[in-house]
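As a plain string of letters, each chain reads:
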Amino acid sequence: MRPATETELSELLRNATDTLRVAGGGTRAIGALPRGEVLETAGLSGVTLYEPGALTLVARAGTPINEIAALLASENQRLAFEVPDMRGLLGRQGVSTAGGVVAANASGPRRVQAGACRDNLLGVRFVDGTGTVIKNGGRVMKNVTGYDLVKLMAGSHGALGVLTEVSFRLQAVPEAEASLCLPGLTATEAVAAMATALTSPFDISGAAWIEGAALIRVEGMAGSVAYRVAELRKRLPGAEVLEADASACRWATVRDVAPFAGAEGAVWRLSLRASMAAGMLWALAQAGLVHRRVMMDWGGGLLWLLVEDAGDAGARLIRGTLAPLGGHATLVRGPAHVPAFAPESAAVGALTAGLCLKFDPRGLFNKGAAG
Amino acid sequence: MPRPNPDVMDAKARIVARLRAVLPDDAVIADPVATRAYECDGLSAYRCPPLAVTLPRTTTETAAILRICHEEGVPVVPRGSGTSLAGGAMPTADCVVLGVARMNAVLATHYEDRIIRVQAGRTNLSVTGAVEAEGFFYAPDPSSQLACAIAGNIAMNSGGAHCLKYGVTTNNLLGVTLVQMDGTVVEIGGPYMDAGGLDLLGVICGSEGQLGVVTEAWLRILPKPEGARPVLMGFDSSEVAGACVSDIVKAGILPVAIEFMDRLLIRVCEDFAHAGYPDCEALLIVEVEGSPAEIDEQLARIIAIARTHNPVALIEAADEGQAKRIWLGRKSAFSAIGRISDYMCLDGTIPVSSLPYVLRRIGELSVEYGLVVGNVFHAGDGNMHPLILYDANKPGELETCERLGAEILKLCVEVGGCLTGEHGVGVEKRDLMGVQFTPADMEAQMRVKDVFDPKWLLNPAKVFPLDLTATRRR
Numbered sequence: 001m002r003p004a005t006e007t008e009l010s011e012l013l014r015n016a017t018d019t020l021r022v023a024g025g026g027t028r029a030i031g032a033l034p035r036g037e038v039l040e041t042a043g044l045s046g047v048t049l050y051e052p053g054a055l056t057l058v059a060r061a062g063t064p065i066n067e068i069a070a071l072l073a074s075e076n077q078r079l080a081f082e083v084p085d086m087r088g089l090l091g092r093q094g095v096s097t098a099g100g101v102v103a104a105n106a107s108g109p110r111r112v113q114a115g116a117c118r119d120n121l122l123g124v125r126f127v128d129g130t131g132t133v134i135k136n137g138g139r140v141m142k143n144v145t146g147y148d149l150v151k152l153m154a155g156s157h158g159a160l161g162v163l164t165e166v167s168f169r170l171q172a173v174p175e176a177e178a179s180l181c182l183p184g185l186t187a188t189e190a191v192a193a194m195a196t197a198l199t200s201p202f203d204i205s206g207a208a209w210i211e212g213a214a215l216i217r218v219e220g221m222a223g224s225v226a227y228r229v230a231e232l233r234k235r236l237p238g239a240e241v242l243e244a245d246a247s248a249c250r251w252a253t254v255r256d257v258a259p260f261a262g263a264e265g266a267v268w269r270l271s272l273r274a275s276m277a278a279g280m281l282w283a284l285a286q287a288g289l290v291h292r293r294v295m296m297d298w299g300g301g302l303l304w305l306l307v308e309d310a311g312d313a314g315a316r317l318i319r320g321t322l323a324p325l326g327g328h329a330t331l332v333r334g335p336a337h338v339p340a341f342a343p344e345s346a347a348v349g350a351l352t353a354g355l356c357l358k359f360d361p362r363g364l365f366n367k368g369a370a371g
Numbered sequence: 001m002p003r004p005n006p007d008v009m010d011a012k013a014r015i016v017a018r019l020r021a022v023l024p025d026d027a028v029i030a031d032p033v034a035t036r037a038y039e040c041d042g043l044s045a046y047r048c049p050p051l052a053v054t055l056p057r058t059t060t061e062t063a064a065i066l067r068i069c070h071e072e073g074v075p076v077v078p079r080g081s082g083t084s085l086a087g088g089a090m091p092t093a094d095c096v097v098l099g100v101a102r103m104n105a106v107l108a109t110h111y112e113d114r115i116i117r118v119q120a121g122r123t124n125l126s127v128t129g130a131v132e133a134e135g136f137f138y139a140p141d142p143s144s145q146l147a148c149a150i151a152g153n154i155a156m157n158s159g160g161a162h163c164l165k166y167g168v169t170t171n172n173l174l175g176v177t178l179v180q181m182d183g184t185v186v187e188i189g190g191p192y193m194d195a196g197g198l199d200l201l202g203v204i205c206g207s208e209g210q211l212g213v214v215t216e217a218w219l220r221i222l223p224k225p226e227g228a229r230p231v232l233m234g235f236d237s238s239e240v241a242g243a244c245v246s247d248i249v250k251a252g253i254l255p256v257a258i259e260f261m262d263r264l265l266i267r268v269c270e271d272f273a274h275a276g277y278p279d280c281e282a283l284l285i286v287e288v289e290g291s292p293a294e295i296d297e298q299l300a301r302i303i304a305i306a307r308t309h310n311p312v313a314l315i316e317a318a319d320e321g322q323a324k325r326i327w328l329g330r331k332s333a334f335s336a337i338g339r340i341s342d343y344m345c346l347d348g349t350i351p352v353s354s355l356p357y358v359l360r361r362i363g364e365l366s367v368e369y370g371l372v373v374g375n376v377f378h379a380g381d382g383n384m385h386p387l388i389l390y391d392a393n394k395p396g397e398l399e400t401c402e403r404l405g406a407e408i409l410k411l412c413v414e415v416g417g418c419l420t421g422e423h424g425v426g427v428e429k430r431d432l433m434g435v436q437f438t439p440a441d442m443e444a445q446m447r448v449k450d451v452f453d454p455k456w457l458l459n460p461a462k463v464f465p466l467d468l469t470a471t472r473r474r
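In order, the protein sequence lines correspond to chains A and B. Heads up, the final residue of the first sequence is numbered 371 in the numbering used here, and it's a clean run with no missing numbers. Heads up, the final residue of the second sequence is numbered 474 in the numbering used here, and it's a clean run with no missing numbers.
Hints were generated in silico from the structure; no laboratory data involved. Where is the CB? At the ideal position from N, CA and C, for every residue including glycine. Just so you know, not all the hints are guaranteed correct.
[Said to hold, decoys possible] Pairs of lysine-lysine residues, derived as DSBU-like cross-links and limited to a Cα-Cα distance of at most 35 Å, are as follows:
id	chain 1	residue 1	chain 2	residue 2
1	B	Lys-224	B	Lys-165
2	B	Lys-324	A	Lys-234
3	A	Lys-135	B	Lys-410
4	A	Lys-135	B	Lys-165
[Unchecked claim] A few chain A residues that face chain B, going by a derived Cβ cut-off under 7 Å, partial list only:
id	residue
5	Gly-31
6	Glu-51
7	Gly-115
8	Asp-119
9	Ile-134
10	Lys-142
11	Ala-195
12	Thr-196
13	Ser-224
14	Asp-245
15	Ser-275
16	Gly-326
17	Gly-327
This is chain B alone, in the form it adopts within the complex:
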């Protein structure tokens, strides 16, 4: 990270006093011990306590914080629930963290329009929680959905296992209240299906908190399907499983999810969730929705395709309990692997047709670098999650792991994919951006930030390589 601005560090007392003057007592944390709780996000290998932390309860308070920081030239790091796997909410020593977690109310629900307005600190799963009694749900379902905030989902354009059918955050977001760095509050989009003018909402979603702080959002909610049933398909090689995915997609049946796990992940997730995963080299979890008859109709077609690939196991969830355990195992994959090893999680996306080739190459690279790589991912849309296991206590092994990770991400770009499908660039992949983009491509993106945040104070030193942004951050 860049060196902290000494002028800001020296002005801490004044900055904190100004923040305290406009906020309730409990909304400003400046004590060096207390701020340590905010020193990292889900990418815990990188840590740095911030100058101060603010926890506003309203858009007005948010605007007041940003206005002061803008005047004082203080960088601001917006934070949802701090679950970013890419270091998207990682502080700098000279920054004020702006945490939105206390803004968690539901502001309006209109079932007839299938929309809900929430404060952006509300957690993903609790949006569904607010509407499920009426038979609705909020579709994007990142694995961290119990904890992660809508604000962070919008910043990272989060996805999840069921995005194959329902799309990612950007496809389910209708409007935001955005506070710009200078304190300007702007309403973008609203409770209708297309906003007028340029699609500012589209560029704000996924901008990693660099264009403004989202305090409220209009989201689409959907009526819950009548039912859903996952089926487990075991294969004796990852490549065959990959080929099966490609055939299902091409056949025109759109399951809500097609998830992939290799032997290592099958074992650790089974130990964790006791879902009844078969013992095999590669497993697909395919889920379809509808009435029991509709589910049977779709599964019959999907199973017929799977049979052409000689599966070693075909298991339909016997009951609701097993279906839940199947998903618990999958959604706990990262924490389950964390029980046995340190690991680094990658997030590249590739064209579905390249799955067999990329899985084979990852296997070869794993041997070459001498580190075990497990695979668990959203196969239907090609969003991979290779997990590289390493031992943080062995000198040099983290560095080897990072080099292997970079090789795998380059491979993803080479076959026509991208560095990150849903986790975001953050700090973690900042320096790999040049693999996917030309300087002109990145310049075009940075120009957007120039317009929204001319002083480059919001979540600086993320997303773009530091040398490219140096002159702007000054």
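For reference, chain A alone in the conformation it holds in the complex:
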């Protein structure tokens, strides 16, 4: 099924009798594939409004994200949240869509400074499980009119409705970027180095640990970038400096978790307190879980692990170790029998189930996907 308009989609959903598998470009869905016929959003395509002077773009949900990126680049603008390209990691083909990006709340390294996808999302239109068209938010930067269903839809993995239109806040591409690179650091050293940078007044836009090297990024006007790099080098002796494209290329590998792509094993994504990341790795090692590869982003707040995919792929151990620290672990790639999303507390689970029932009373959408 590939509706060409919102009205067509609304009718289709109103008349639906069986479960559906809502798909944007099919490039980043995780977890067991929902049952049912595929409902593609690619037919709902096109940028409907782009106002560079207001830093705003509105696009239909099926619009390829590359098309949006190219349009923004022509005005020297971009989406601030650095959309990760998960195709390599997940072994997918296809074209990412704006709606898919929003449904996954897909957010890259600039999360530490410019926020996640949800923080840069100004408005949505969607069709719920009864076929009703709903809009929320809008196209302006500040909006507290009514409840914020925009956030609720971001990262909902299609559980509440089918997105038809999304509007983003944009960012001008800064004049310059540069990164400090500190190779050969242990996890503990890397977390400390990243914290040194992130607690400095130098407006860090990325802090990652990849292939043993800590990377610290600054962006802005040329003079300012040079100044901040110099100041950071005083605090982080021994750092090499990557300028411009060299810096950008390195951050693309962080954004896309490129070191894990093509490697055998299960991929875990842990969200936790940054300062706990090294301790978490230590605790896992103590418990006998050996990771094949490891990477950190968000100063340690995002921990990526590649582990053996036998059995439960370490689910019990990883989730059990993380629980007392706070945070959650998502199985991004791994055995289908292991739940991709961490189990929720009873109270949160009740609220989630209640919302799903209200927006999708017949249970049409992506069963189980939202966790």
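Using the hints provided, position chain B relative to the given structure of chain A.
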């Protein structure tokens, strides 16, 4: 407001006795004189003393209050510091006010993670106060930040002048302890950058206290920039100033704040703060941050853009003292205007590109309705604050003022904006929601409340038009 529930009014003695049984003596106020202190919030034109007031000190006490009210079918109006400009904390005669002001402790601070956990009654400015010695601050800065509570900030998703760079409350909130109407305590999010599952935190923030009572919160704190410097730019028309804002935004320089004032506001704020504002039709306060050299680099670019609009004044703050006075003037704008007149403050947001058009239309509407409108607002993100001056003692003038206000808000929606950018809907804009939303849009929002508060007891009769919620509130 809807008529009070007579069953609840009749049961006052029993309800108060049950509350007293689970709370310390000083945590329940039922005396009709003492409860008058809670009869209104910052929207003082609307007043109504509540049935009783409770002031819990812990999450457990909060849960006990809500459980009793849930069982008794008593509406509960959560209250932070009572600074809402939209009537968000306005009581009803049959309600129990749940004030969180006594829950004001800092529970944990982790500088290395740039996070702090506070009880939600803590005031906005005192969050910064708790971390500034270590060189950190809490970014959202509503003008009422000296008084307003984090709980209220979360309820209204409050913004402030520096949101252009740092975002509003929702962008700086990582987790909450929420007590639901039935007393269930739920932890949502936590000291990490993304919560799992549906973004419940995102929908709780800005839900105007209708989904639950937030008693504790994890907030992001940020390292303070090395320095900041505001520059004043005067123009000979509001429209030209608006065009200048649009050019700065488009040029890709992101100041931390771009504030706008028209002649009326320049005059009253200058009288109040002696900030050295120039005498002109329209003023922009543009602030940038960084080291002295970084500030110079950014200001040079911004001033070059301003010059293309023929400014009548360009003044950089000479020293820390003047910078402080410049902001004191801006942040005192509402109280400064209150010294000369009664006023109504609006809060619509518009696309930045529409600023010149909307300012012109507001001028025309002001003439048409015969009431003076002053403008002071967060221009960088299009969040307007038209202030309509009126005389409360002149019969009919408040009503004229309200009609003009509604026209201006409709104008904001017409150009692609919204009714409220940071103050919230509350009681004040409840009946205008239909201008921005279809019944289906509002139904979708009300379904969220159905899930969190099926009996519709928390802060009822706010946000949505009364006729839409009548069957649910019963």
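Right, here's what the structure says about each hint:
This hinted pair checks out: B:Lys-224 and B:Lys-165 have alpha carbons roughly 13 Å apart, not beyond 35 Å. Note on B:Lys-324 and A:Lys-234: the hinted pairing holds, with a Cα-Cα distance of about 32 Å set against a maximum of 35 Å. Annotation: proposed proximity of A:Lys-135 to B:Lys-410 holds, straight-line Cα distance about 18 Å (limit 35 Å). Pair hint A:Lys-135 plus B:Lys-165 holds up; C-alpha atoms about 26 Å apart against a cutoff of 35 Å.
Hint on A:Gly-31 is violated. Least Cβ distance to chain B is approximately 12 Å, over the 7 Å limit. At its closest, the beta carbon of A:Glu-51 sits 6 Å from a beta carbon of chain B; the interface hint therefore holds under the 7 Å criterion. Taken as an interface hint, A:Gly-115 checks out: its beta carbon lies about 5 Å from the nearest beta carbon of chain B, inside 7 Å. This hint holds: A:Asp-119 has a C-beta 5 Å from the nearest C-beta of chain B, less than the 7 Å allowed.
Interface restraint check for A:Ile-134: the shortest CB-CB distance to chain B comes to about 4 Å, inside 7 Å, so the restraint holds. Hint on A:Lys-142 holds. Least Cβ distance to chain B is approximately 4 Å, under the 7 Å limit. Of the supplied interface hints, the one on A:Ala-195 holds, with its beta-carbon coming within about 4 Å of a beta-carbon of chain B, less than 7 Å. A distance limit of 7 Å between C-beta atoms decides the matter here; for A:Thr-196 the minimum to chain B is near 9 Å, and the interface restraint is violated.
With a least beta-carbon distance of about 4 Å to chain B, the hint placing A:Ser-224 at the interface is held under the 7 Å criterion. Hint status for A:Asp-245 relative to chain B: violated, with the closest Cβ pair at about 19 Å, above 7 Å. Residue-level restraint check for A:Ser-275 holds (minimum Cβ-Cβ distance to chain B is 5 Å; threshold 7 Å). Given the 7 Å rule on beta carbons, the hint for A:Gly-326 holds: about 5 Å separates it from the nearest Cβ of chain B.
At a threshold of 7 Å, the smallest CB-CB gap from A:Gly-327 to chain B is about 5 Å, leaving the interface hint in force.
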